[in-house]
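In order, the protein sequences belong to chains X and F. Once you know that position 793 of the first sequence is 793 in this note's numbering, the rest is easy, because the numbers rise by one and skip nothing. Once you know that position 143 of the second sequence is 10143 in this note's numbering, the rest is easy, because the numbers rise by one and skip nothing.
Treat the hints with caution; some may be incorrect.
[As the list claims (entries may be wrong)] Below, in silico cross-link-like pairs of lysine to aspartate or glutamate (EDC-like), each with a Cα-Cα straight-line distance of 16 Å or less:
{"id": "1", "chain 1": "X", "residue 1": "Lys627", "chain 2": "X", "residue 2": "Asp567"}
{"id": "2", "chain 1": "F", "residue 1": "Lys10190", "chain 2": "X", "residue 2": "Asp121"}
{"id": "3", "chain 1": "F", "residue 1": "Lys10216", "chain 2": "F", "residue 2": "Glu10097"}
{"id": "4", "chain 1": "X", "residue 1": "Lys260", "chain 2": "X", "residue 2": "Asp92"}
{"id": "5", "chain 1": "X", "residue 1": "Lys945", "chain 2": "X", "residue 2": "Glu913"}
{"id": "6", "chain 1": "X", "residue 1": "Lys72", "chain 2": "F", "residue 2": "Glu10097"}
{"id": "7", "chain 1": "X", "residue 1": "Lys72", "chain 2": "F", "residue 2": "Glu10247"}
{"id": "8", "chain 1": "F", "residue 1": "Lys10134", "chain 2": "F", "residue 2": "Glu10165"}
{"id": "9", "chain 1": "X", "residue 1": "Lys575", "chain 2": "X", "residue 2": "Asp911"}
In case anyone wonders, no lab produced these hints; they're calculated from the structure.
Each chain, letter by letter, is given below.
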Amino acid sequence: MPSPSSANPVNSPPRPKLWSANISVFFALLFLTLLMVVGLIGFKEIDNIKSVRGLTDQIQVSLLPEFVDSQKTLLNIENLRRLTEIAYISDDRRTRRNARINTRALVAESIFTSDEKLHDDALRASSGIDNLVRARDRIEALREKLSETTREYFTALEQLTAYIQDPEEQRVLFDFFFANMMSGRDTVFKVEEAEFSKLIEDHKAEIREMLASRPGGRKSEAAFESAMAILNNYVSQAISIKALSAQSTAYWADIDLVLKTMRDKIRLGSEHSINRALTSIKEATAVTTTTTYFMFGLMALFIIIDFGVVYFYITRPLRWTSGKLKDIQAGKLDSKLPSINITEISTIAALLDRFSDHLSTLYQQANQLEEEAARKKDLEEIMRAVFKASLDGYIVWSNDRIEQASPGALKLLDLEDEREFIDHHRDYGISDKHWRAMLERATQEGGIREELLLHTRLGEPVPCEVTHLPLMFHERTSLLSYIRDLREQKKTEEALLSAKEQAEVATRAKSEFLANMSHEIRTPMNAILGLTHILQDTELDENQMLYLSRVEGSADGLLRIINDILDFSKIEAGKLEMENTDFQLEDVLKSVVVFNSPAAEQRDVELLISLPEVSAAGLCGDPTRLKQVLNNLVSNAVKFTDHGYVSVSVVQCPSSPPLSASGRICLKFAVKDTGIGLTKEQADKLFSAFSQADTSTTRKYGGTGLGLAISKRLVEMMDGEIWVESRPGEGSTFYFTAVFDIPVSDGPAAGRRPGFEGSTAVVVSGNEVSLENMEEQLRQISFKVHGFLCSEEALDFLKQQPERIDLLLADWSLDKISGLEFLRSVRETSSKKELPAILVVPASFRQQVAGSSGDYYNGLLTKPVSPSEMFDAVTSVFGREAAQRGVEAARTDAADVASAIKGARILLAEDNEVNQLVARKILEKAGLNVTIANNGREALDMIEKEPFDLVLMDIQMPEMDGLEATRQLRIKPEFANLPVVAMTAHAMSGDRELSLEAGMNDHVTKPINLPELFSTLVRWIPTRENRD
Amino acid sequence: MIQRLLLLMAVFLMSTSAAWAQDKVYKFAVDTYYPPFSYTDEATGELGGFDVDIAKAVCAKMGLTCEVVAVPFDEIIPEVENSQIDVGCAGIAYTEERAQRVLYTNKYFRSSSLFLELPGTFDGITPETIKGKKVAVQASTNQEEYLRRTYGDLIEVVPVKGFDEIIAGVNNKTFDLGFIDGLPGYHYLKSDEGLNLDIVGDPVHLDDGSCMVLRKGQEALRDRINKAIEELRLSGEYDAINIKYFEFNVY
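Only chain F is shown next, with the shape it has when bound in the complex (with noise of 0.2 Å):
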């Protein structure tokens, strides 16, 4: 009788877990457009980019079921707030503003920012330089956040959604001036479609580094995605992803 009652309670435990370990899949967020970090590969209709491969990298290290989804950047802290997603992976600089609200890893990359214009436009960026301009600036990033501060009512910020508006923005001279992060931005310099823009001025340094992000009170799993950024950097995993889309460390 007691055989039969352990016997039941072990597949009982058994399935629960295995319900359990198969409940639970981590959706990560990445941003739509933003290669190299995240873009939907045209062949394959797959998202791929630094971020995707991180963040499931990251996974494998914890040891969990993860979907990776791309959401529009300035919607992911909000999704991530309302439990929608669950780690926001998508270089998130750390404000204080933002840490009101949400939970930050450890950094997995570093980057500053620069301008873009085309070229001869200006000759340096300068507050003489820029004054009146329109500077396009990827929505709800610390880059709009920088310009807003450093420049003010100087120049016209505008916010836009995506990183290929302002690209699109800047070569059609709808914007004098794009500002964007650095990574991304020498990728598209280096492309076929990024021949006709160039950097302008000196690279900004805005912050320590990108993160990800949680929502709080999620303390055990940031840690545990720290210890695996940690364990990637260790292994040379990061360094195979860092290769394959920069030529220079990033971390």
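Just chain X, with the same shape it has in the complex (with noise of 0.2 Å):
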């Protein structure tokens, strides 16, 4: 079979028909046009024609005959020229006569009479020939007559010849006469009259003469005078003839003329008419001529035309047509469908392309045939090597018979022979009925796979997976089931699981002994750290003091170190879990604050904190750990800067999505410090675990070095990144990002602060950075700020005072002076006494200032400020009310909380001695009433009997822990409501969720941390009010 050319005959889309039409329309159309055509040209050659053949028809009728008669009257003409001459030449009378009566036959019966003037003409004619006629009938009488005179002469001299006779003399007399009288001689005709005068009168003379000479007498005489008469007669007779021939002459010349003069005006008419006719019908045929070539010429322009029409739609279409069934034929399938207009080669071509299409089709289908055919037999073939060589079991059943058994299946089975398979299959746990099931099953669903329990000749049960394919196998519907023993896998999977259950047991083990050491080493460390808080309050001496302190200094450092190593030691085992609560960001940032500001303080090194949009943000994360995160770069930097400052900024990830868009929120933290930095290779080291930059560093500035891995861990926990930008002696900068949630609804106080609109601030500090800031946090509440780094511009300009001042804001350290003294040079100046001021200190010097309101100043604010500080003191210093917010504990003091809980009665239920000694002297400095339980059960009688304010519990106490001791409380409902707190020296993250299921209220961490005691005891203490 031909394989097509091409792989894929696409035939593009043929162009768009302007208009489409039947075969027959078209030709019909194209031959009504040419039809027309060739009509409209027949009828403009056959009117041509008309009027030619009417021209010539015109000609036929009307000069035909007249030229007929013209050439009948020319001959006629002649005739009677003819008759003429005859008349004038002829002697004959009768001939004469004959001539005049054809003359007058000829001009009455012949072409004359049409024409009145030829007619006249003619007539004139005609009584010339009479005349002429008649003239000649007179001068053949005047012959006559002239004869006979002559006769008479003779006689007469005849009579004188009597007279005289001498011969010579005679011969004389009738010399004249036969000379000059004799007929045929008549010279009177052929002289002049004088002349033949002169003749006679010689001759008379010499007659006389003669005479003269001779006697005669009278008789003589008479004879003679008688001769002389008829001599007259004679001349006399001769002069009429000659008369009368000159007259006919004339006649003759007249009717000549006359007839010639008709003749030529005939002819010249009949030209005429004749050049007339001719040029009419030249010039019709010219026209026609013309008009032929013209039409002729159109005729040839639309064949043409007729032509390309035909050419273009017909036979174009056509011979792509057959050109198209040749590449069929060929092979050639793909051919681009050109725009046809006629519905037959229209269809024709379409359904050829669609064949074409059909056959292209084809041809794939039979490759692909083809080639399955190929791959099936390949897959045969590979069916059928893995057949033998497969160790699993190849069973092809249909019709409740084994069609074929791979040797693996008959291993499988522990058999040998397949025939004994085949026919007694069913011992071996291949039921019929079930295959035909599973036939039916696979046939729908393609495939199934299941556990089915076979036995081996021995009656072994095996477990196999059988997976079963519809198959057709000999041209029948069969189930090929391929059967796989499970034996050893199911020993595998028992050995698995066992390992996983040996695994469990030994991570639970593992994080048990992280949980008890954690436990069992807190508890001693708690210990140590509130003995000696205690023994702090006891008298000592200055070495008792300064021990003391050491000693608490190293249980600190101690209880890091453990804190630390735990905290990696379950981040390595993945046991880290990062909380989700709703926190404010800045209360994180003003603890880590807090916390390191005495070490900084120490090094003269100045805390910053920079929040510019994000100030008011309520996040959802993991507080602690951020704040973990923040307190060991801090602290870190504070411990590398000698002098300047740390800084602290949180913005928006440069790249992260608006707030709202995904519910959360990116933030960049960066912790910049002016100390001593870092090379290259010691910041490429910095992450790593139990490596510090330089291990000179240790020794110089003490750590574990895991601070920054476990950093680097819980900011990856928290979908960030940390890294660091710094220059060896000019100071780093840790950034790292972390991703939070955006609780759902925003606390109470979050998000836009009633702002200081149309409020004017002056802000001055030495220090641009803390000047920066400050200015920044008053925009953000929007006031609009004039910053001085200089006080004597300040002072100045409030001198001045160009616009309204509302607020002046004075770092304690100015350039000169000090922010006190300018605050007071600043109310001293008469017009500024009014204008609210603050002044903002440092940390330290709060115990020192704490609370005073001063001469010259209205509020006091310590440094770092943070945005809701300083909203919060503009607004008090403006008089307005400052909003409420939940405080934590962070700023709480000992005293202001003292009041509060004072006298409330606290269950202390914790088995530690030791611990339960430090607590209870805590508790009571505090004011509180402590009673002291030593398990669960203890304190769950004690509850019972006595009242409590609320239950300290810890967790790990034996007989009963204080977990299923809260349950068991939370049973009873008069003890639903009372505050259970736990304490708890687990710092696994799951364990807050226990206690929050077990029924605890809250719970705070061993070793103790005052101030988080204090506030969780405030929170929870009922007012004494409250209390029962």
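These two chains come separately, so use the hints to put the complex back together.
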């Protein structure tokens, strides 16, 4: 089978057709137009020919007869001329008469009668001829007379001879006669009259002479006289004849002229009319010729057009069609379908197109089938090979019969003989009924997998995994079942399972170990720290104080190290879990600052916070871990900075989407210091566990080296990154990003603060960064701010007062004078007495100037100033009520707390004696009543017996642990509201949940953090009024 | 059997057609004495003349058999009417009256009419000059009709049977004038016998041509004769006959 030259013949869609027509319609139109053109031409031609024919008919009808007539007339005229001549010349009277009669006849009968003018001329000619004939007749008559006269003269002469006898003289006498008068010699007609007269006179003289010499007498005289008379007669008759002859000549000439004129006129006229006729014919034919040329040109054009049309619309499509057929034969199946307007041909072409499409599809399919067949064959080969070689079993079952079984199947069932299997397959667990059902399902679903129990020859059960596939085997629908021996697998599974269990046990043990360790370590730590704390309250001398503070310091350090190690190992074990609670970012930053303020102050390093637009951020995440990271970074920064500042700033991540888009927010934290800086090698090693930048730093600065590694892991758990930018000697900036959720409903005071639009503030500070910070914070609450680094400038500005000033903010440390002095000089200039002023002092100063408003300022702020502190201060200075906020225990003073909870009854459930002691001391110092329970059961008993305001419940206790005790407690409805606070050394996040689930209200961690403890107590101990 | 029948039929048809062919002899009538149109040759005793020649030529052209007979002019039309003769070939001019009675062919010659006199008797023909004169004319001719119509009672119109009577009468002064057809007139005047007489006055043009006549209903034959005349003219046979008798074209 020929393969198509193109794999995918795609015929491009035909150009859109403007029109389409039936072929008969097409041809009809074509022929119709041609016919019309031809008809038009034909009609025009016929018209032309008709007109020419009409012309020629006209000519024939009018001119031809005219011409014929004129020809006839000419002939007749010639006849007349001939007759005239005959009349003129002829000497025969009869002839002349006949001529005359013929003339009359001719004139009467012939063409002359038609034309008036001609008729007149003809009559003139006729009468001329009559005259001529008559003249000639008269001439003839006269001639006879003349002959007679001649004869008379001769006779007279003879008479004279009687008188003249001389023969000589007689001869002379007759000489004249013979010479001049004999007929035929009539000299009288040949010479002039004068001459002839002369001759006569001479003749007369001669005779007289002759007579004179003779006697004769009167007789001779008489004879002479009569002879002379006759002679005279002769002459006069001759003269008459001559005259008549002349006249007849004249007649003849006249007639001739008339006739010639007539002839010429007619000839000319006929010439003209012929000319005219011919010219008109010529013109008509010329017009016809021109028209014919034009018409035929038109027809030729039309034919060419028609040819073009036929070629374009019929020939070309047909040729395409035939070409396409040839292509199909040759196997070339892609050709573009041209736009065909004739319906039939278009149908043919479209069908051809489709046909070739189908053909190519068929080719494709054929190819595919070939390939499939080849593939199938290959597959069969593979299958057969696999079948033979496989250790697994294949069975082909059809119609309750085993068609084939692979060696693997036999081996699996511990058989050697295929026959045995085929015949008794049911014995081995191959149930026909089941197989039939499987075949049906497999046919529907394509394949089924199940687990079956088969039996070996020896009856040993074999768990198998069987995969059923429908198959056409030898043209019958069969089921191919692939049997896999699961025994090994089962064994492996069991082994895995036990291993898993063992691993779980190990993990559990490990976790428990960690928890225990945590507990075991923390408990004595707790004791150490607590006891040292208590001890500090007793009386001690300087040395003892010193030693004690060292012990406390070491214990703190040790605790920190232990925490780090535990944290690190938790992280490594993957056990660290992040909380997901709502918190305020500001509070976290504030506690970080507070935590690091003592160290910073000691080293004369300023701590700064910058929170541009995220100041009032309510976030959802793990504040503890965030705090941990920040503390780590900030304490490192403080540690490695000798002078300058450490600033903490938070911005939104540059590439993070808008706040509300995903419900999450990415924040970028920067901890910048002006410390010793890092080299590149140092920076690279920084985040690896157990490495510090320099081993010498360990000795100088202390620390485990785990801090940054832990921070890195924590940041990563918060979906962020951590990195450092630094140069040796130029300080470092540690950056990290973290992603938090945005809590669904913000806290009451989150978001926009009411602003101070329209108010103007003046800020003075000696420190540029501080100044910028404060300026920014004021701008955030809609102040218009004028900032000054130079106090003199600020004083001048305030003095001049170009605009109204609403607030004055002065930093304690200015460039030349102190902030207090500055404010004093401001207050002392008269106009500024009323100007609200706030003094910003370092944290350590707070104790000194705590709460005082002073003469020169209305409010006090400690550095670093957080935006909300700024807001509160400004608000209170302006006299507005500060917004209520839930304030975290970080700022709560122990003193403030004391009054709130004084006298409350606390039940402490704790098994460790030392811890008991420590706790009791702390709590009693705060003015609380403390009762101790050693374990959960004891606690429950005590609760039943005595009323308590709050229970501090240790989790890990013998006999009954805190969780169980709480659970039992909560069963009783009267204790449903009794605050129970857990104390736990477990730092695992799951613990918190466990506590809450058990029914605890809150928990504090051990070792005890006093502020945390107290704030928790404050939170949960009902106010004095509410206690019962 | 059939073959014999066919043979018989063929023979029968041939004989009948032959009989037919031989049957019809067309009678052409010419005037008795009307030279040069018709006269009896003294030597041969046969009829001759222009009319005779034309009649024979026309017949030959039509492919028919004819017989030329002489019938006095005024009997020709009646005899045509009652089928005694088939064609009257005597130069009969078209008149309304005659057209009622017979069928006319196209003309085959043309002629005007003239007055004959003893030379010098009249000084032209005017009502004054011919007032009260006796004018002889052939009977039943249009000449007679013309005289009566034109001059009415001014003159005495004397219809006579034959042309020769008119000649004789003018010669012996029985009549003052003879009014005759031009062509025979000219012929006569040029002959020896006609030396005595002469034309007087202008020729009178009476009609547009002289024709043959047929019985009414003989349109087919009439058309054939017309065609024959045309053919004679085209072939030159007419001219040959013309020249024989006249020096000019008489058509």
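So, going through the hints one by one against the coordinates:
no.: 1; hint: Lys627/X to Asp567/X; verdict: holds, 14 Å
no.: 2; hint: Lys10190/F to Asp121/X; verdict: violated, 24 Å
no.: 3; hint: Lys10216/F to Glu10097/F; verdict: holds, 14 Å
no.: 4; hint: Lys260/X to Asp92/X; verdict: violated, 25 Å
no.: 5; hint: Lys945/X to Glu913/X; verdict: violated, 23 Å
no.: 6; hint: Lys72/X to Glu10097/F; verdict: violated, 33 Å
no.: 7; hint: Lys72/X to Glu10247/F; verdict: holds, 13 Å
no.: 8; hint: Lys10134/F to Glu10165/F; verdict: holds, 14 Å
no.: 9; hint: Lys575/X to Asp911/X; verdict: violated, 27 Å
Hint compliance for this structure: hints 2, 4, 5, 6, 9 are not met, and every other hint is.
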